[in-house]
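*Asks:* Quick note, the sequences are listed as chains Y and S, same order.
Using the working numbering, read the first sequence as starting at 1 and increasing by one per residue.
Using the working numbering, read the second sequence as starting at 1 and increasing by one per residue.
Hints were generated in silico from the structure; no laboratory data involved.
Just so it is clear, CB atoms sit at the ideal spot from N, CA and C, and this is done for glycine as well.
Check each hint, because a few of them may be wrong.
[Said to hold, decoys possible] Pulled a few chain Y residues facing chain S out of the computed Cβ check, cut under 8 Å:
1. Gly140
2. Ala176
3. Gln188
4. Ser197
5. Arg215
6. Thr222
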Amino acid sequence: MNRGLAAAAFILGSGLVAGAAAATNPDAAAPVKVAHGPVRMPSGVDFGRMQLVNEARLIRVYTQMTGVGDSSDDKLLFSRDVAQKINLTNRQVNRRFMDMILATRRFQVFDDSTTVVRDGASQTLDGKLMDITIDGQVVGSTQDIIDILPYRKARTAVRLSVQMKDVSSGEQLFPAGVSVNGEWGMAQGEGTLLPPSASTSSPEMQISLANDYQRALDKALTQAVSRIGQVLRPLGRVTFADDQTVSIIGGSRHGFQGGDTLILFHVDMAQLGERQVIAHTQPLAVAHCDGVGTETSQCDLTLVDTRYHLGVGDYAVLSDRSASGVRGE
Amino acid sequence: MDIQRMRDPGNRRSARVAVAVAAALSACLMTALVSSQQRATAAGTALLADNTPNPLQQLINKANPTQAPPIPPTPGSTSPIPPIPGLAGANAPAASDHPAAAPKLASQEQARQLFIKGTVTGEDLKEELEAVKGAAANPKAQSDLAAIVGQASGQIAAAKTHNFLTDLGGRLKELAGDLLHQKAVSYSDKVLTDFLTTLTGDDDALRKETITLPSATASKMTLNQQQSVLLMAALVVGTRISHHILDAAHKDFIGLEAEYAALLSKRQEQAALMADVLDKRRQAIAAKDELTIRHMDADLGKWLSPEDLKFIDSFGPDTSLREFANDLGMQNLAIKFLQHRDPTAYAEYRAQRSGVMGRSRAYLRTTSGVAAFGGFSMAFMQEIVKTAHDKNMYEIFAALPLAGEYIKEAAPLIKLSTDALYTGLVAEPASLKHHYRLVQREKSVDVNDADAVFGALDRSKESAYFADALFRNETPGFIYHVYLCDPGEAGELIDQTLKQENRKSFAEQYLQMPDGAAFSFAAALNDGVQTPTAQKLAEPLLSKDQRTNGDVVAIGEVQRLTASSYTKWKTSALTRLILANSQGVYAQMQLGDTVVRLVPSMATIYAYESYADSCGQTAKHETEGPASTKGSAKPKKQIPKPKPGNQS
């Protein structure tokens, strides 16, 4: 196991206790006690993503960003020229957005530079459609000067609206859209500092103010990525299960990582008109995966709902705790 | 032979060589010796001569592999995990491969002389204390030393010749139980070593302290049993002297309170004097007396910056003198003003301030040193019991002469060390009150402690800004700012928010320590502990926000726990955090629309001045040239001074 995986295996307060054997043998597995009781079903399960499990690949996401620094209700204290000078453009910001999504290691991310054909509303790569398109738009931003005596300082707020669409179904995955705020200058140590006699129009201040905007935007993007991660979760499929362990198709290629906790669940499908939909999901068990393989993972059961039977063909989804926890880069 | 001459280091070296040579010569006879020793012990043979395979001899063999055949290591004394640079003591792998000098203990002749003397002084036992000091600095030496005592006391217990606990009273059994069931306490190796250096260097105190040894002949002790008794005697002497040092420090602290009150009074007086000058300027402004204003501004401008004047003006014309003088930032400006207005008075103030700060630091150094010694004592006794595998702790302590005395003397120190872990080392008499002023636009309200500040921030929905700013990517986070001048304090902030099991997991899983029970971030940052990738722990831990994505998940989890539990921080911790993050002398922190200011008190003055001192020392250290070979636990970066356009 590499160091990253070893570190990922360590989850504070996970309830897993290394026994005496683990203390003496570095390859010994930590004994895990299986508890019994009902399991809470997390969000993030949908038919489209379930179908991708067997393809053993990451979800393909196409992103585009608009409205950076040019929203009509902008109240920014730096000029557009300065924004250009520090590369504060839609393309650059989209690049950062892509990098942040990539850092979660759960998606393949593309933009106009990598998807070569614009086919209607859908992007394609090597003839294959994207799975998800994400459209981010800066819908409002403000910059004001506040008094933190003896200084004045700049406070910047950026509001980012994100829409996410499932390409195959054409459905919006955030039904009401997502609006996140990024702020910079709200705490000591943040925000451009203006001495009593300084002017915001000086070149030095202009650059500094544009940097403030960029940082506020980064904060908004971070929040947006977090929301995306809550909705688009890695899924796996059970190939083996006994009283203590479970094997799944689902590994790093699907977006799992060492230390993840998974919820195992059963799905019943129904035909609705011409398409299949999820009729019922039943959470069955919780499993902890010390480490994960490329395509498959072996995980220990930590909580089992004994009223139901866990079997081959059931699904696994990343738990709420792991989805909102620290993800290794 | 005279005891002093017996303690001549040259003689000790000769003794070591003799033992090493004897070990080499007798290597082929080792098996026979061991079986002979077992028979002798079983029969309770009364031999003063050393015919047992002495653990000391084994240590020397291990330390000089070319002079003697290798001896299999004690179980648990080696580790497959490579040593992590910078780790030692409570924050080190328990049995690293650090080369440890063998403890110097009394030779047979030296021990014989000491036991004949009967009542010995601390000075007679100085080399045993030096051995303890060596053990404090190196975990391997500590476990080896404990093994010597543990094995010897195990042999004595097997002989069941005497129960020393019975002699010393039944409560000792309870104390021994408390001692061994205490959770491991973290202490800084540097603090402990400094303290033991002071202790072993105080010949006068060592001469005054005496202890009576039991009769070696009557007790039929072997050499290693005698060495163990001498070691316990040295520890008893060390703990007694520690008590004297602590008592003296407490007495000094009582006087210190009065000195703080005088210093505070002087600061208020200076603020009032400055207020008087500024009031004249204000009157001139009201009267539009341009000439006077120009003269005064030119005059003030020599001493105070435009930012300073703006800060002063922010108090407004209706501010009462009391209110004006009762702000730490304003008092700091008044002292700055005094520096230029009256250099002689300023020099007097500096002398007074330096005296108070010097004595405060000495007090804290003593308290923390004694607490570290208490923590070490506990760890050492636990280690002794571990090494005597076939005996329980009561048998060990009941059998070993002076162990009971040691427990009795060490128990209060251990309590001090465990208390210190949770309450902080700064003893705060009731008269020391912390006060914060929460300013929101025109309104301000004074609150007493950190809890009140956190409560107010929570109500105004500004607590999220605080939690968010603890760790940052683009600019140093709040805790990193503390680390820049005071690494231990930064670690303490994290320790206060994490449970012991979380710290233990972090130490064992991420830092790869075999036993992380005693791990603390305070000691680790203070000692410059490194990560498995040979980075200083502070860098990944404090200089980057890894709460969402990070290189190391374990660090992200620690940051998350810290940010979710910061309300556990005490007033002294919040004060330090504000000072470390404030600009210049203004002593304030902005969070949303609220500014948290410090109201002067003895504690805030101490926090401010000691912070200024520690930053000054760091800066001085950093000016050393790159050719400097001194290792440093100090951070590399300095707090950036605010410049126009900089991030505030």
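*Asks:* What hints, given by number in increasing order, does this structure fail?
*Replies:* Hints 1 and 2 are the ones this structure does not satisfy, whereas the remaining hints hold.
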